[in-house]
Structure formats: C-alpha cells, structure tokens
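Enquirer: Residue numbers (the working numbering), protein chains in the order written: chain A, 1 to 285; chain B, 1 to 262.
Among the hints, a few may not be true.
[Claimed, not checked] Partner residues are not named here, just some residues of chain B that face chain A (Cβ under 10 Å, in silico):
{"id": "1", "residue": "I79"}
{"id": "2", "residue": "L83"}
{"id": "3", "residue": "P153"}
{"id": "4", "residue": "I155"}
{"id": "5", "residue": "N165"}
[To be verified] Below, a list of computed lysine-lysine pairs in the DSBU-like style, where the Cα atoms sit at most 30 Å apart:
{"id": "6", "chain 1": "B", "residue 1": "K91", "chain 2": "A", "residue 2": "K112"}
{"id": "7", "chain 1": "B", "residue 1": "K149", "chain 2": "B", "residue 2": "K103"}
{"id": "8", "chain 1": "A", "residue 1": "K175", "chain 2": "A", "residue 2": "K272"}
{"id": "9", "chain 1": "B", "residue 1": "K91", "chain 2": "B", "residue 2": "K103"}
{"id": "10", "chain 1": "B", "residue 1": "K149", "chain 2": "A", "residue 2": "K112"}
{"id": "11", "chain 1": "A", "residue 1": "K272", "chain 2": "A", "residue 2": "K255"}
Since the hints were made in silico from the structure, they are not lab data. On a predicted model such as this, the values are computed, not experimentally measured, just so you know. Using N, Cα and C, we set each Cβ at its ideal position, and we do this for glycine too.
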Amino acid sequence: MASEASRGGSLANERARGAAQPAVALDDITVTFPLGDGGRFTAVERASLSVADGEFVSIVGPTGCGKTTLLNIAAGLLAPSSGRVEVFALRLPGLNRQAGYLFQADALFPWKTALENVAIGLEVAGAARAQARERAQAWLTRVGLAHFTGRYPHMLSGGQRKRVGLAQVLIRDPKILLMDEPFGPLDAQTRQIMGNLLLDLWSADRKAVLFVTHDLEEAIALSDRVVIMSAGPHARVIGDWQVPLPRPRDIAEVKLEPAFHALHRDIWQVLKAEVLKGYAQSGGA
Amino acid sequence: MSRTTLIILQIVVGLLAIALWHVFTTIPIFGVKLLPPFFFSTPADVGVRIVKWFVEGTIWRHLWITLIEAVLAFAIGSIAGVLIGFWFARKPVVAAVFDPYVKMINALPRVVLAPIFALWLGLGIWSKVALGITLVFFIVFFNVYQGVKEVSPAILANARMLGMNERQLMRHVYWPSALSWMFSSLHTSVGFAVVGAVVGEYLGSAAGLGYLIQQSEGLFDVAGVFAGMVVLAAFVIVIDGLVSLVERRLLVWRPVAPETQA
C-alpha cells in the first residue's frame, strides 16, 4: 500500500525531526480524584512523557496503573490536577482537537451503519454528506470492510467493529492518535492482524501515536518507544526504552528476532515487580 | 417451533377456551349449568351480538371515537413526554426541583382524575384524551429521561473526540438513544392510550367502546358487555400489530434477541 519511501527513513532521522516540537508533552502530571468518603485518590503522580511527531509510543503498566487516565489527559477529556499538557508546543485549553481517540470499549454509534459511523466525523466538521460518504467508503475499503458498509455495529464481529473504529478516527486525519487497549477484547489471531493493519495504515503518514496496552509483546512489536508505568496509586513513569527493531515490521515475525527477546527480557525485569505489586494491591483480582 | 405450529397452537387455545365457555353455559352437568348464562352469557349470543353490531353498522362510530381519543392521547402524551424528558435530562437542576412532584403525580391513580377532567372538559372526547395523556406522558417521559441519561460514556466521549458540538451531540447521540428507549416502551404506551380512552368513556360519555360496555352493563345485558370486550380486545391486537410494524422499521439497528431454543 504505502510507498517504500514513506516506510523508510531511519529512526534517528525521525527523532531529530520530532525532537524540535513534541506532538504531545505531558509534564509533571498529577491526577487526584475525590473519593466518596471525603478522601482523595491519587491515580497518577508527577508523570512526564512526550511523544515526538511521527513517533509510535506505547505505555505499558499493570492493571489499574492510570494508563487510561494519562491518555484521557492527553485527549483533553480529563484535566490534570497539576502539571502541563502541551500539544505541538501549545498549552491544551480543553478537548484536544488534533487528536483521534480509539477507545477500549465499543464506542461506535449503534444506530448508525458502518458507513455512517465512519462518515460522521467529516459530516460534523461540515463536509457535504455525499462527499463524506464517498470518503468513508474508501476508508472502509482500506480497513478491509468494503462489503460491510450497510451493517449496523451489532451485525459486525469484535474485530470488524475495531476496524470501523479505526476508520472512524483516521478519516478525520488527526495529527495525534490515542489508543486505549484497542485490541484488548480481541482473540490472539485477530489482534495480530489488527496490529499489522495499524502499522500499515500508520506507515502511510506517520502520525504521533500514544498506545496504551498491558501486553508488553504487543507494545514492543508496534512501537518506536516503550514507556513503563509503576503500579497505582501514585503511578509514575519508571522506564523508557527505545525499540531498535527496523521497520516495516510484521508483528508475528518481529517477535522471533533476538533483539526483540533481549529488549523484552530487559523491560520485563522492571515490569514484573510492578505487576506483582499491582496484583498484591488489588487483592490478586 | 415453526411459525405455523405456533399459530395453530395459539388458535387451539382460543377455541378450547370458547368451547369450555360454551359447554359450561349451555349444557347442564348433574342438572345445573355451572355458569348461569344470565351472568356469563354464551359464546353464541356474544357472536350474534357482534355480527349484529357490524351488520347494522352501529359499532363503527364507537370504534372511530375510541380510536381518535387513543391516537390523540398517544400523540400529545408522547410529544410532551419527549420534550420534558429531554429538558429534565439535560438540566439536572430542573429535574431535581420537580422530582417529588413528578413522583407524586405519577403515583396518583389516574382513574380519580377522570371525573375532574369530565368537569373541566365536558363529556366529549377531550376529557378522555386528557386521561390518556396522563397515562402515556409518564411512560414516555421516564423512558426518554433514562435514554438521555444512560448514553454510554464511551460513546459520548467518542462523539466529543470526533468533534461534535452540543447541537450535534443532541442530534446524533442523545436523540437516537432517547428514541430507542421510547420505542421500547411503545407497546405499553399505546396500550395505555387505549386504556385511558376506554376508562374515560366508561365513566361518562356518549360514544365509544367504553360507553358501549357501560350501557350494556346498565341494562344487565351481559352478552353486550362481553361483545364489547371482545371487540375491544381485537381492536387492541390490531393496533399492537401496527406498532410492531412501525417498530421494526425504525429500530433496524437494534440487535434482535436471539431465538430461544425450545
């Protein structure tokens, strides 16, 4: 699909380009929620993270460590209790208009067909209906659902719904892509296919991606950088690894490379302790 | 179970009930009729009465009046329910202020309102329409309120991230969600519109199915009462069928409940 030229370009090049102006910069973010009994719950404490333009960054951490909270902060759906959020060097005033967000839960509009679901982002932005639908059709074709345009979400499988979701987000051409365990509920094979589809689409125009997952293998296979968070509450960023694997990658094949194994071992050593801590705190649930 | 067997079984149950009714009211068992025809009439008498009504054409006017009342009650009650349900759901302060009064009025048995409506609006159709509205309104109101309140947070967040403003949220998210809840209660609210009309007629009117039943009752004409009930039941089934048709058209996007295996 994408030309070799757009897939090429060394990592070093990209980092140099992105370093000037991060797409998303979270600086010293703390998030506290008031509790019912009058106390306060600190989900994330003094977390900092930045994503360069065109960079694919994954956040990995144990269950309940505030990964989603951090993503919602970057989306502007949630305001931090303290800290700065900058998008392309501008302070985020409210909702992040430059970002597309693929949610963990099913977030398609159940009363709209696949085509209408994908077209809606353009329609609300003022595009003519016919034109929006035409482009939605093209996007559904790109995600492999050309023949499912008239289906309502409940008539689609979990994987197909995620494809529609991906098209729904990408059709607006956001500069930043936020993804919250988007392939979590899918089975292993479908996850792999979706991962490759995502990399394929991403390599066409290299958006900045912030990808949340609890699956370390998935994170390494997809990303340029993997960020590890500690177990919550008071979750922080405790590790940051570059992924030295060349692109383009195939999710299944890249997992067989020695570099992948070495990195996985390194990161897992840090992550394991946090996962165990997370289990202990949640009572092993 | 196939559709044909189901329909056959449904018809068998109906015929069996009528047959039992016939046997107990006409054939003496040990010298007594278990159901005296004076109180229970007989299927034959009731049938003859119904045929007579339709042949003479007297029934059409009553059916028409009841239909008009039910349709008006349903339309006005639904529109009011949708508007106020939306308003309350989007303005929590308003909802909180009116909450006890809504509960109070809803807890009131509507039958006690019928004489008041008859006083205010006379014995014509409008007192019955008003009674129907008080029934339909609350069903639609509560469903729309719930529908707007219970839009999935993920869908709402998604809509906002896709760039929808408040007006677009209304049109693409809240409205369809509220409508789906309203339609899920369509059978109930249509049924209550008919109930409102018939009860209103029964308590004081000059036409309609409720009037017909009440008149027969006044004359100890049990066959007339039963005939009125049968016509009313058929009327409700026809309306319910129409509602199902509308529902199937408007809620195509909703998952059909999986068929249970017998």
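Enquirer: Which hint numbers doesn't this structure obey?
Expert: 1, 2 and 8
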